[in-house]
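Trainee: Sequence:
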Amino acid sequence: MEEKSVLEKVKVGDTVAFSLLYERYWLKVYDFTRLYIISSSEVSEVVQDVFVKVWESKEQLDIEKNFDGFLFMITRNIIFNYSRRYFNELNFKMTVLKGLESSYDMEEELDAADLKNYIDSLIAQLPLKRQQIFRMSREEHLSNKEIAERCAVTEKAIERQITLALKFIKDNLPLFMLFVRGIP
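Per this note's numbering, the sequence shown starts with residue 4, numbered consecutively.
Be aware that a few hints might be false.
[Said to hold, decoys possible] Derived lysine-lysine pairs resembling DSSO-like cross-links, with alpha carbons at most 27 Å apart:
| no. | residue 1 | residue 2 |
| --- | --- | --- |
| 1 | K61 | K7 |
| 2 | K12 | K68 |
| 3 | K132 | K170 |
| 4 | K148 | K132 |
| 5 | K31 | K61 |
| 6 | K148 | K173 |
| 7 | K61 | K14 |
| 8 | K56 | K14 |
| 9 | K12 | K31 |
| 10 | K148 | K170 |
| 11 | K56 | K12 |
| 12 | K31 | K14 |
| 13 | K56 | K31 |
| 14 | K56 | K7 |
| 15 | K68 | K31 |
| 16 | K148 | K159 |
| 17 | K14 | K68 |
| 18 | K68 | K7 |
| 19 | K132 | K173 |
| 20 | K132 | K119 |
| 21 | K56 | K68 |
Simulated from the structure, these hints should not be mistaken for lab results. Keep in mind that this is a model prediction, so the values were computed, not measured.
Please put together the full structure from these sequences, using the hints given.
Mentor: So this is what it looks like as structure tokens:
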């Protein structure tokens with residue numbers, strides 16, 4: 004079927020003619036799009052979008068003008084829109100990463116690591132039994148009852164050992180804070 008005849012039929016909504024038009028031009032659109040877009044799934048999307056656009060603007064088809072030129076303009080515009088969307092998404096991702104990067108404070112992380120190390124050194128200074136009880140409570144997340152059963156002592160004794168350990172740590176933390184922040 005001659006191109007003008009096919010375009011006339013497409014212009015009035017003939018789906019069979021549109022299928023012929025698609026069969027005739029889809030590979031051209033596909034090959035042109037592959038020059039600008041790498042992902043084969045996105046290339047296929049562009050081809051689909053181009054022909055959807057052709058169908059949506061079928062009433063504006065000028066059957067006296069070169070259809071290749073019309074198809075090229077639609078394809079170019081859709082590729083441009085895909086590229087712009089890709090760069091906008093990329094820009095957004097980069098902005099988010101920069102925001103996360105700027106909110107990440109290495110000094111705070113070092114302070115936290117130093118504090119944990121300091122607390123660990125304080126725990127190491129506790130009497131051995133108190134150390135074990137405190138670690139079971141804080142590191143193993145055992146309840147006072149579970150610790151009491153393991154140590155064969157009362158829950159009150161466990162509470163007392165944990166209280167003493169916490170008091171020792173709290174009493175010695177101000178020294179660390181002065182060391183880290185400097186004396187005012």
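Trainee: Indicate, hint by hint, whether the structure satisfies it.
Mentor: Results for each hint:
Distance restraint check for K61 and K7: the Cα-Cα separation of roughly 13 Å lies within the 27 Å cut-off, and the hinted pair is therefore satisfied. A C-alpha spacing of about 15 Å is found between K12 and K68, which places the hinted pair at or below 27 Å, so the restraint holds. About 16 Å separates the Cα atoms of K132 and K170, which keeps this hinted pair within 27 Å; it holds. Note on K148 and K132: the hinted pairing holds, with a Cα-Cα distance of about 16 Å set against a maximum of 27 Å.
Under the criterion of a C-alpha separation no larger than 27 Å, the hint pairing K31 with K61 is consistent with the structure, at around 19 Å. Taken as a hint, the K148 and K173 pair is honoured in the structure, with Cα atoms around 24 Å apart against an allowance of 27 Å. Simply put, K61 and K14 have alpha-carbon atoms about 5 Å apart, close enough for the 27 Å limit, and the pair holds. The straight-line distance between the Cα atoms of K56 and K14 is roughly 13 Å, inside the 27 Å bound, and the hint therefore holds.
Taking the CA atoms of K12 and K31, the gap is near 21 Å; set against the 27 Å cutoff, the hint holds. About 21 Å separates the Cα atoms of K148 and K170, which keeps this hinted pair within 27 Å; it holds. Between K56 and K12 the CA atoms are separated by roughly 16 Å; this keeps the pair inside 27 Å, and the hint holds. In summary, the hint linking K31 to K14 is supported, as the alpha carbons are separated by about 21 Å, within the 27 Å threshold.
For a cut-off of 27 Å, the pair hint linking K56 to K31 stands: about 16 Å separates their Cα positions. Of the supplied pair hints, the one linking K56 and K7 holds, its CA atoms being roughly 19 Å apart against a limit of 27 Å. The straight-line distance between the Cα atoms of K68 and K31 is roughly 18 Å, inside the 27 Å bound, and the hint therefore holds. Of the supplied pair hints, the one linking K148 and K159 holds, its CA atoms being roughly 9 Å apart against a limit of 27 Å.
Only pairs whose Cα atoms come within 27 Å are accepted, and K14 paired with K68 is accepted, the gap being roughly 14 Å. With a C-alpha separation of about 10 Å, the suggested pair K68 and K7 falls inside the 27 Å cut-off, and the hint holds. Taking the CA atoms of K132 and K173, the gap is about 19 Å. The hint holds against a cut of 27 Å. Between K132 and K119 the CA atoms are separated by roughly 21 Å; this keeps the pair inside 27 Å, and the hint holds.
For the proposed pair K56 and K68, the alpha carbon gap of about 17 Å is at most 27 Å, so the pair holds.
Every hint from the earlier list agrees with this structure, and none is contradicted.
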